[in-house]
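A.B. asks: Here is what each chain is made of, one letter per residue.
Number of protein chains: 2
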Amino acid sequence: MARASLREKIVDAAVECFHAQGFNGCSVQDITEAAGAPKGSFYNHFKTKELLALEALTRYRKESRTAMLFEGDKPPLQRLRAHFEFLAERLEGWKFERGCMVSNFGAEMADAYPDMRRALAETLLVWSANIASVLRQAQAAGDLSKDKDPELFARFLVDAWEGAVNRARMVKSRAPFDEFLIVAFKALLA
Amino acid sequence: MARASLREKIVDAAVECFHAQGFNGCSVQDITEAAGAPKGSFYNHFKTKELLALEALTRYRKESRTAMLFEGDKPPLQRLRAHFEFLAERLEGWKFERGCMVSNFGAEMADAYPDMRRALAETLLVWSANIASVLRQAQAAGDLSKDKDPELFARFLVDAWEGAVNRARMVKSRAPFDEFLIVAFKALLA
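Chains as they are written, first to last, in the working numbering: chain L, 1 to 190; chain H, 1 to 190.
For reference, chain L alone in the conformation it holds in the complex (with noise of 0.2 Å):
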């Protein structure tokens, strides 16, 4: 019981670490430090850096709530609307000082580490296909065009989302979510 509760700190220190340090920005001591592990302890739990990086992404994908792209009652693209916006206003809480943990581990692990490459793979896969069901349910409650391919479409905004997520980390400002939610709803998607 104590040993899982201590694997768990291990995984909260290192969502905490990885995505405001990035993998090669922090060490395993950096992480079982601020877990209040014993850095001995770590291979007790994981057999690589590389595995608790995995379990890291896992614990972020489920942060990130795309469920919500699929509750309540509201039309499909105020709902994908209000997705954005979640994912914005938890950027500019953590005052835009990490970006997304998918493209953050993208940059620095895509071809050193074939594991982690194909799970970003697949999280962009299952988050852009969530994202283009709203967009057929828009289409059949007749409030998008038919002529714009949902997973076409989908794919196209999640790449735009994670360029403007790079940028406001560079920037310092949630503006590139702003011209993101212009320019995906006043104009695609319009």
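There could be a bad hint or two in this list.
No copy is singled out in the list; a pair is fine if it fits within one copy or between any two copies.
[Unchecked claim] Pairs of lysine-lysine residues, derived as DSS-like cross-links and limited to a Cα-Cα distance of at most 27 Å, are as follows:
1) Lys148 / Lys95
2) Lys49 / Lys172
3) Lys186 / Lys47
4) Lys148 / Lys172
5) Lys62 / Lys49
6) Lys39 / Lys148
7) Lys186 / Lys148
8) Lys95 / Lys39
Calculated directly from the structure, the hints in this document are not laboratory data.
Based on the hints, put chain H in the right spot on chain L.
C.D. replies: Frame of chain L; chain H shown alone:
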């Protein structure tokens, strides 16, 4: 003279190493080894590793050929498309094993390195200002609706491109570039 040449070799090696492995993913020793330079010589030329990364960024900007946006006598939107095609082919030539150096540095360095953060923000600002100029030319030529704010659309396009580049590295295919080109030129700018 030999001294200048060694410095140049270090910058060459840094562009390669930083682009392929990231800022934290390669050490000063990795770079000097790749340059065939004694490790001790590094600090004769660069006060910090960050200053070398800033110089690598400057080199990367030059090689990204933004000037081609204004070259030749093709219509503005065709020049814009040719620019993105050039970038896509370059990334494909690298077998999708490196993303955009601007996004990569952003993900790793935007918070711990304020000078780099400012340089990255400025890089995207200049790039999107150039794209906005082309969009204004397209509007003047009657090829783009005047109700589209050129600056806003240019920044959005840059974000979407950067996201596509990151995803291409994850999926190891140019599909994200082709999807960018379809949505950008057949929907957003149509």
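A.B. asks: Against this structure, judge whether each hint is valid.
C.D. replies: Here is what the structure says about each hint:
1. Lys148 / Lys95: neither (35 Å within a copy, 30 Å between copies)
2. Lys49 / Lys172: between (30 Å within a copy, 23 Å between copies)
3. Lys186 / Lys47: neither (48 Å within a copy, 48 Å between copies)
4. Lys148 / Lys172: between (33 Å within a copy, 25 Å between copies)
5. Lys62 / Lys49: within (20 Å within a copy, 36 Å between copies)
6. Lys39 / Lys148: neither (52 Å within a copy, 55 Å between copies)
7. Lys186 / Lys148: both (15 Å within a copy, 11 Å between copies)
8. Lys95 / Lys39: neither (30 Å within a copy, 38 Å between copies)
Checked against the numbered hints listed earlier, the structure breaks hints 1, 3, 6 and 8; every other hint is satisfied.
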